[in-house]
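Read top to bottom, the protein sequences are chains F and A. Taking this note's numbering, the leading residue of the first sequence gets 1, the next gets one more, and so forth. Taking this note's numbering, the leading residue of the second sequence gets 1, the next gets one more, and so forth.
A portion of the hints provided could be inaccurate.
Calculated lysine-lysine pairs in the BS3-like style (CA-CA distance at most 30 Å, straight line) [unchecked claim]:
id : chain 1 : residue 1 : chain 2 : residue 2
1  : A       : K60       : F       : K119
2  : F       : K28       : A       : K125
3  : A       : K125      : A       : K60
4  : F       : K119      : A       : K125
5  : A       : K125      : F       : K19
6  : A       : K133      : F       : K9
7  : A       : K60       : A       : K137
8  : F       : K19       : F       : K9
9  : A       : K137      : F       : K119
10 : F       : K9        : F       : K28
11 : A       : K157      : A       : K137
12 : A       : K157      : F       : K119
13 : A       : K125      : A       : K137
14 : A       : K133      : A       : K157
Simulated from the structure, these hints should not be mistaken for laboratory data. Model, not experiment: these values are computed from the prediction.
Here are the chains, one letter per residue:
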Amino acid sequence: MSCSRMENKILGYVDGHLKESERLEMEKHLAACAACNLRVNEFRAVTGLLDELPVIEPSEAFDLRVRARVAAEPAKQSWWAWFAPSPRVVFAASMLLLATVWLGSRPPESSLSAADIDKINQNMQVLENYDVISDFAPLSELPQPVQNDDDSDANQTQKM
Amino acid sequence: MLDVKAGDEQSFALLLHRYRTPLVNFLYRMVRNREQAEDLAQEVFWRVYRAREDYVPSAKFTTWLFRIATNLALNSVRDNRYQRLEISLDAPVTADAEDGDEKTLDVAEKHPNIEQHLIEETRRKMIRHAIEKLPEKQRAAVLLHKYQELDYGEISKILDCSESALKSLLFRAYESLRVELAPLVAQQGK
């Protein structure tokens, strides 16, 4: 490995992030190159120096200021939200639909009074007979009943 | 972050607690002004909160967080809105307290060995100045590499460059630091 090829790998070597094969290649080069060896040591010294800078703590008001700013942020709504009904509207619409379906499935209430129903019950046998007779086929084959006018003519003839 | 996205406010409080110190330190080392660093950190958390519904876990949360922070810091440094006078960067390093963030003399008075303390403080100032003198992108790369311990893949995503470009960037940055801090490096080697 040449010194120029080493440049991009020197930091990875100092960090310990090189692959095993690259690390071995680097160490082989360092054993033979005093300049690169010195540079590696100096890079290590630099990273050590950077560790000397103290860590600062955010001020006590920092969290409060962040939370205040976040709290002041209005709830974000996309334009799709305009189409989305609120839960209360959805609930009310569902109730209305259920009520409509329930009322529609009920049998219609009778408009007859109790007196009408009693009257029908009393005449039920006659009504049943009427149903049978009105649709009784043999009756249609009978001759037509005699007209009233003919009856009156016949009476006059007999009188004469 | 997915819990925050789901509307869990407690999870946002946890995120705040976990990342406030590393974020403020990163920004402080970028802009060299504590008040400005805290303002920028607030901005970062606010942006994270605002973007929670659009968050897609395609990358690590820290990558996303420090990408926002780095962009804000780079813009802030470039705009020069909150930077101090450049004279402070080029001024000779002395033992005087040059900013209000670190009260050198107050601490020194309580220190049993004032001379030793002043030596340590001088070293820290040299290190801070060496970092400040780096170009912004190199500075961000070093801070993310050294203090946040992010890997090359994450840093390259944050800085929007390839991994090989990042390695080159970091090499140049550490090389500049090596030269700038040569007196201290020589002491370290002894």
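Which numbered hints fail: Going through the list in order, the structure violates hints 1, 2, 3, 4, 5, 9 and 12 and respects the others.
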